[in-house]
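Chemist: Here is what each chain is made of, one letter per residue.
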Amino acid sequence: MNTWIQQLGQAGIRFFQRVGRAFLFLIKVLMSVPASLLRFNLLVQQLYYVGVLSMLIIVVSGLFVGMVLGLQGYNTLVDFGAEESLSVMVALSLVRELGPVVAGLLFAGRAGSALTAEIGLMKSTEQLSGMEMMAVDPVSRVIAPRFLAGLISMPLLAAMFSAVGVLGGYFVGVGLLGLDDGAFWSQLQSKVDFQGDILNGVIKSIVFGLVISWIALFEGYDTVPTSEGVGRATTRTVVHSALAILGLDFILTALMFDE
Amino acid sequence: MTAGIEYKNREQPERSLVKVRQMTFRRGSRTIFDEIDLDIPVGKVTAIMGPSGTGKTTLLRLIGGQLRPDSGTIHVDGDNVSELSRRSLFKLRKRMGMLFQSGALLTDLSVFDNVAFPLREHTDLPETIIHHLVLMKLNSVGLRGAYRLMPNELSGGMARRVALARTIALDPMMIMYDEPFAGQDPISMGVLVKLIKLLNATLDMTSIVVSHDIHETTSIADYIYILSEGKVVGFGTPQEIEESESAQVQQFMQGLADGPVPFHYPAPDFKTELFGLGG
Numbered sequence: 007m008n009t010w011i012q013q014l015g016q017a018g019i020r021f022f023q024r025v026g027r028a029f030l031f032l033i034k035v036l037m038s039v040p041a042s043l044l045r046f047n048l049l050v051q052q053l054y055y056v057g058v059l060s061m062l063i064i065v066v067s068g069l070f071v072g073m074v075l076g077l078q079g080y081n082t083l084v085d086f087g088a089e090e091s092l093s094v095m096v097a098l099s100l101v102r103e104l105g106p107v108v109a110g111l112l113f114a115g116r117a118g119s120a121l122t123a124e125i126g127l128m129k130s131t132e133q134l135s136g137m138e139m140m141a142v143d144p145v146s147r148v149i150a151p152r153f154l155a156g157l158i159s160m161p162l163l164a165a166m167f168s169a170v171g172v173l174g175g176y177f178v179g180v181g182l183l184g185l186d187d188g189a190f191w192s193q194l195q196s197k198v199d200f201q202g203d204i205l206n207g208v209i210k211s212i213v214f215g216l217v218i219s220w221i222a223l224f225e226g227y228d229t230v231p232t233s234e235g236v237g238r239a240t241t242r243t244v245v246h247s248a249l250a251i252l253g254l255d256f257i258l259t260a261l262m263f264d265e
Numbered sequence: 010m011t012a013g014i015e016y017k018n019r020e021q022p023e024r025s026l027v028k029v030r031q032m033t034f035r036r037g038s039r040t041i042f043d044e045i046d047l048d049i050p051v052g053k054v055t056a057i058m059g060p061s062g063t064g065k066t067t068l069l070r071l072i073g074g075q076l077r078p079d080s081g082t083i084h085v086d087g088d089n090v091s092e093l094s095r096r097s098l099f100k101l102r103k104r105m106g107m108l109f110q111s112g113a114l115l116t117d118l119s120v121f122d123n124v125a126f127p128l129r130e131h132t133d134l135p136e137t138i139i140h141h142l143v144l145m146k147l148n149s150v151g152l153r154g155a156y157r158l159m160p161n162e163l164s165g166g167m168a169r170r171v172a173l174a175r176t177i178a179l180d181p182m183m184i185m186y187d188e189p190f191a192g193q194d195p196i197s198m199g200v201l202v203k204l205i206k207l208l209n210a211t212l213d214m215t216s217i218v219v220s221h222d223i224h225e226t227t228s229i230a231d232y233i234y235i236l237s238e239g240k241v242v243g244f245g246t247p248q249e250i251e252e253s254e255s256a257q258v259q260q261f262m263q264g265l266a267d268g269p270v271p272f273h274y275p276a277p278d279f280k281t282e283l284f285g286l287g288g
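So the sequences go chain by chain: A and B.
Take 7 as the starting number for the first sequence in our numbering and just add one per residue.
Take 10 as the starting number for the second sequence in our numbering and just add one per residue.
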């Protein structure tokens with residue numbers, strides 16, 4: 007009984023120590039961000055690796071999600087004679103929810119896991135220690151540009167996801183099911199609010215970008231420097247990011263769209 | 010233990026660049042170093058040797074300020090490493106280099122960019138000067154012709170030589186070598202032995218070499234420390250170490266399977282255990 011309680015206590019202490027380390031890490035990274043802006047070429051390089059290389063999966067997924075929304079939405083709306091509102095349904099679903107959330111999940115799987123594996127391997131091959139011994143702060147040189155790149159890329163990717171999704175809905179609704187072209191766009195224009203819908207979606211994606219980058223980089227930086235450790239850290243990045251995105255989405259939605 | 014007393018009574022070498030005094034370091038409940046004293050003389054090659062797991066690499070990390078001792082002091086060129094601010098520690102580290110066992114080359118940078126890395130980070134030199142300096146450093150390790158290669162195109166020995174070129178890029182006062190000969194073929198080993206000795210002499214540096222390779226290390230070291238079970242069990246010139254009467258030193262130097270470091274990991278009595286299993 008005592009052993010069981012001891013183990014529970016130790017696990018609790020380890021958990022809170024890790025949470026504490028994660029927050030200290032975030033503070034350190036945020037403090038290093040201004041300096042990393044001076045290393046503009048490193049930021050551009052990371053924007054390419056983190057953002058540009060994630061574009062393909064985001065665009066393809068966005069297109070299919072939009073097409074599916076178009077099909078499902080039409081089948082539901084047509085029963086009520088409201089199929090002209092298909093564009094509004096597709097756009098609001100994407101801009102408010104699916105854009106930030108699905109793009110976030112894909113971003114965590116594509117870029118987040120890559121960041122964790124890269125930083126974890128840098129740790130296990132002593133590259134981070136080597137930098138420290140060369141009097142170069144690895145947080146400022148390696149972590150901060152990646153963090154900033156994740157923060158900038160995520161809202162852009164989510165916006166791209168939503169835009170391509172709307173196009174997917176358009177292809178299905180107008181191209182395939184014969185809805186009126188003008189009605190599709192005019193409904194969308196009149197019913198989607200910039201501040202209430204688009205801006206809130208952008209805020210969500212910025213928050214997700216911050217959380218995914220933070221989790222991915224911390225998991226890599228805090229990994230046990232073995233191949234098994236890096237593997238576990240990569241898995242944790244995807245799982246924790248997904249849970250954080252879904253949990254935060256609920257909280258943000260409640261705050262933003264509670265009328 | 011005898012050797013420990015022998016070490017304490019021995020006259021310390023000339024001016025020391027690194028002074029370790031009464032230093033204790035623990036990992037959890039395990040004591041890695043127990044109040045050890047150690048001096049690294051200026052301009053010499055000092056080897057740190059001892060059985061696996063005695064904390065030789067840990068000692069380098071303590072000297073480099075990556076770890077802090079639980080008690081005692083470590084002075085490098087007059088600065089107490091564990092009391093330095095991060096800024097001062099980084100300032101000190103610009104004057105000391107460390108060659109990691111893996112080389113620790115940055116895998117996304119070419120050989121040229123790896124060697125240029127500390128120059129670009131810490132100096133405002135124009136690219137033409139950096140280009141010349143990098144080629145000079147690479148030439149000194151015999152790898153000028155490999156400056157376009159990426160780290161994954163290098164052999165283990167070449168990677169360590171590139172890392173060595175990077176370590177000397179800022180002309181440090183001291184280099185710490187962590188197992189420089191581990192896993193090297195005889196030719197690479199010979200090259201590294203020659204380079205360590207040559208660089209130490211020509212650049213007027215101080216070198217600390219952590220190694221298991223007795224033959225190679227004794228051939229270049231001016232002084233040798235033998236560590237075992239958290240203590241300094243032997244110190245002296247290679248000849249003094251070879252002639253040491255300490256059982257611990259002799260077991261290590263002659264590679265004896267059994268001795269003060271036992272062949273068997275601590276375990277209950279074999280007969281009892283077998284009988285217990287059978288029962």
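Honestly, I wouldn't trust all of these hints.
[What the hints assert, rightly or not] No more than 20 Å apart at the CA atoms, straight line, and that leaves these computed lysine to aspartate or glutamate pairs for EDC-like:
hint	chain 1	residue 1	chain 2	residue 2
1	B	100	A	103
2	B	203	B	188
3	B	103	B	88
4	B	103	B	79
5	B	103	A	132
6	B	203	B	231
7	B	53	B	231
8	B	53	B	130
9	B	103	A	143
Since the hints were made in silico from the structure, they are not lab data.
Everything numeric in this text was worked out from a predicted model, so none of it was measured.
Chemist: All hints are to be evaluated individually against the structure, with a verdict given for each.
Modeler: Here is what the structure says about each hint:
1. 100/B <-> 103/A: At roughly 50 Å apart (the allowed maximum being 20 Å), residue 103/A and residue 100/B break the hint.
2. 203/B <-> 188/B: 15 Å, holds
3. 103/B <-> 88/B: With a Cα-Cα distance of about 14 Å, the restraint between residue 103/B and residue 88/B holds, given a limit of 20 Å.
4. 103/B <-> 79/B: Judged against 20 Å, a Cα distance of about 25 Å means the pair is violated.
5. 103/B <-> 132/A: Holds, because 18 Å separates the two Cα atoms, which is no more than 20 Å.
6. 203/B <-> 231/B: 14 Å, holds
7. 53/B <-> 231/B: The hint holds at about 6 Å.
8. 53/B <-> 130/B: Judged against 20 Å, a Cα distance of about 29 Å means the pair is violated.
9. 103/B <-> 143/A: 12 Å, holds
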